[in-house]
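Asker: Starting from the given sequences, assemble the full structure and let the hints guide the process.
Chains as they are written, first to last, in the numbering used here: chain A, 205 to 474; chain L, 284 to 752.
Warning: the hint list may mix true and false statements.
[Said to hold, decoys possible] Quick list of in silico lysine to aspartate or glutamate cross-link-like pairs, EDC-like style, CA-CA up to 16 Å: (1) L/K723 / A/E367; (2) L/K551 / L/D644; (3) A/K422 / L/E697; (4) A/K267 / L/D644.
Please keep in mind that the hints were generated in silico from the structure rather than gathered at the bench.
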Amino acid sequence: MKRTTVLVMVGAIVIFGISWVLKSMSLTSTTDHYIAKGFAITFAAFLTLCIFSFLYKDNPFYKFAEHLFVGVSAAFWMSMGFWSTIVGNLIPRVSETLSNYFKVPYHPESYNPFYFLPVFLGILLLLRLSRKVGWVSRWPLAFIVGTTAGFNFIRYLRSDFIEQVSATFVPLLVDWQGIGHFFSNLSLSSTGQFVAMLSNWVIFFGVLCGIIYFFFSKEHKGVFGGASKIGIWILMITFGASFGYTVMGRISLLVGRITFLFKDWLSLIS
Amino acid sequence: MALYKWFFVLGFIFCLCGMATAQESGVPPDSANIDTISQSIPPPAPVTDLQAFDTRNDHGHSITLKWKKSADDGAGNNSVIGYEIYTWEPNMVDSMAQLRSEIDQVRAAIYGGKKTGEDLKKKIRTLKDQYDILLEQLTVAHAGYPEGGEWRLVDKVPAGTETYVHLGSKEKLAEGYIPDYTDLYYRVDALTADSVVKTPSVVVGPVQCYGQWFNTEQVPVLITVILFGVLILYFVMLARKGKEIYVRPIGGIEAVDDAIGRATEMGKPILYVLGLGSVSDVATIAAFTILQRVAKKVAEYQTDLIVPTYDPIVMSVAQDVVKSAYYDAGRADTYKEDSVFFVTQSQFAYVAAVNGIMLRDLPATNVYMGKFYAESLLLAETGALAGSIQISGTDEIAQMPFFIVACDYTLIGEELYAASAYLGREPILLGSLKAQDYAKAAIIILSILGIIATVLGFTWFTEFFHVTS
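Answerer: Here you go:
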C-alpha cells in the first residue's frame, strides 16, 4: 500500500473519530443513547462521502462502502426472503408445530394444500446443486416462465394494444364550425380550439409514424422510410422530454443527500 | 444520427419550458361554492326513474343503482347538496355483526400468541357455526320485506351524481358482505343543507345480484387473442416450410459481433448486464436469447464473459444459457461456472457492485439488455467513463433516454424482442415477428377507422374498444 494511501486512510479515521465525538456531544441534550446515535449519523455521513468519492475515481473508500453495501443487502434480502416468505407466509398456513417453533400465529382457516406446490417447486429449484439431477431444476423455471408469459399476454394485449388503439380515437376537427370561424377565433391558448386540434393531429401522426418505425419485416424505403424517420424523430423528442423530467427528479435525490450531510450530520442548517 | 440528437435536445428544451410554464400558470383552486343555509328549506323534489340491477361482468355481490337527479339538483330551488343511498336489511344482521365481532376477538387472542389452547379453537368453531346458521336464514329474512327489518345507510354521494355501485364483499365473514340470489331493496334520498329536510325516492326491489361466467367487456381481448394466435400460427408454419422472412437490420445487434471482436483484440472481458427484471419479464427473456448469441461468440473467440445478476432465478437461467452456448460452440471445457454470478437483490447495491467491476476489470464491451430502472444512467455513465463500447436494449420507456445518451447503440423497445428473432432466425420467432407486424398494421387501420367513427359520431365503434378489467 502506498504511503499516501495510508496517510489518507489514517486522516479519514481521525476525522471520523473527531466527528463522532463532536456529534455525540451535540446530541447529549436530545437523546439518551447519544454515543450510539452519534456513531450512526457519523457513519452514515462517512458512507455517503465514500460513495460520492467515486465521482473522483475508484478508491479504497468507495470499495469499502460498495462491499459493505453489497454484503449487507445480500444478507438482508436473504434473511427477508426466509422470514417474510417462508416463516411469515407459508408456515402459519400449513403447520401449527412449526408456527409454534418460530413463534408466529397459526392461521388454520387459511390452510390450503396448494401452498405445498410452490414449496415443491422451490425444492426442485434447489436440485440444481446436484450434478446428477440438476436438470430437474429446469421444470420449475419452465413453469414460472410459462405461466407468467400467459398472464402477461392477456394483460399487455389489453393495456398495450386495445387501450392504446382506443386512446388514438381522437377527433381531428375539434368543435369545428367552418374555416371562417376557425380563423376568426384563432388563439394559442392551451384550452383553445387550435391547440386541441394540433395535439390530436400530433397524437394521430405520432402514433402512425412511431408504429411504422417498428415494422421489422419490411424495408424502410420510400414513403414508408420517410414515415419511419418521422417516427424516430418523434420518439427522440419524447425521450428528450422524459430525460429532462427525470433529471429534475434525480436532482431532488441529490438535494436529499446533501440535506442529510448539512442538517443531520454537520447541523449547519436547521 | 446527429439529427436525432438535435430532436432529443429539442424535446429536452420543450420539457424544461413546459415545467417553467406550468409553474408560472398555477391556477388558484376553485373557490368553494358555499351556500348559506336557509332557515326554512322546502323539501326537495325526489330522484326519479330509480333503477337497481345486478352489476354486470363481475363475480356477484354488487348492485348498480341509476336514477335521474332531483329537479332541485342544479336547477329549481338548487337546494340538493347530495344523495343518501339506503338499503333495507333484516334485524338479524345485528346479531351477525355481534358474532363477527366475537369471532374477531377470539382470532385476535389466537393470533396474539398469548393462548393457543383448544378452548379458543372450539369457541371460534362454535361461533362460526352459529354465524353460518344465521347466514342460511338471511335470504329468507330478506324475502320478508318490509317486516322485521329497517332501512340502513349505505353511502352518501354528492349532488349531480346519477349512478352508484353498491360494491359488497364476497367474504361471508366481512362486514360489507352482500349475499347473491337474495332479494334486496334500495331507495335514494335527496339531501339539503338542513339534515332534517330530505326527500326519499320510491323503493326499488326486489333485485338480486349474482356473478357472471363471462366478462363480456373482455370480448375485444378474446377476439384479438384469437386473431393474433391465428396470425402467429400461420406465419410460423410458413417459416417452417422454408419461406424467407425478411427482418430489417438492427444497428445495435449488428454491432455486437464487432464489439466482441474488439474485446478479443484488446484481451479484455465482455460485461453482460441482465438488469433488474425477473425471469418472467419479456425483456429478460429476450435478453437471454441475445446472451446466448454473445456467449457463443465469446466461446468461439476465447474471450472472458462476466454476467453479474440481480435475481437468483435469472442467474440460474443465465448459467444454463451460457453453458449451452459454450457447448454449441464446442468449447465446453472453457466454460467457467463463476462467469455468471449473483450479486444482491438490492437495486443500488447491485449498481455499486457492477460499477466496481466496470472500473476494475475494464471490460471492452458492456451489454445492457433487459429490464432497467433508475440504475440505467448510473451503469451506462460509468461504462462510458471506463471507455467501454456500450450496447443497450430495454422496453422500459422511462429509461431509454438515459441509454440513448450514454450508450453507443440502443435497442428501443420492441427492437429488443425483434433482435431475438434476428439473431436466432428460428421459425417460431420469425413467424411471431411477422405476425406482430400485421398486428401493427391492424392498429394503424383501426386508428384511422376510429378517428373516422369519432368524426361521424359512430360511438358503438369507439365503445367497443373500451375494455375494463
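Asker: Take a quick look at whether A/K422 and L/E697 sit within 16 Å of each other, Cα to Cα.
Answerer: Judged against 16 Å, a Cα distance of about 15 Å means the pair holds.
Asker: Is the straight-line distance between the alpha-carbon of A/K267 and that of L/D644 16 Å or less?
Answerer: 14 Å, holds
Asker: Hint check: L/K551 vs L/D644, CA-CA at most 16 Å. Holds or violated?
Answerer: OK: L/K551 and L/D644 at ~8 Å, within 16 Å.
Asker: Holds or violated: L/K723 with A/E367, Cα cutoff 16 Å?
Answerer: 14 Å, holds
The structure shown violates none of the earlier numbered hints.
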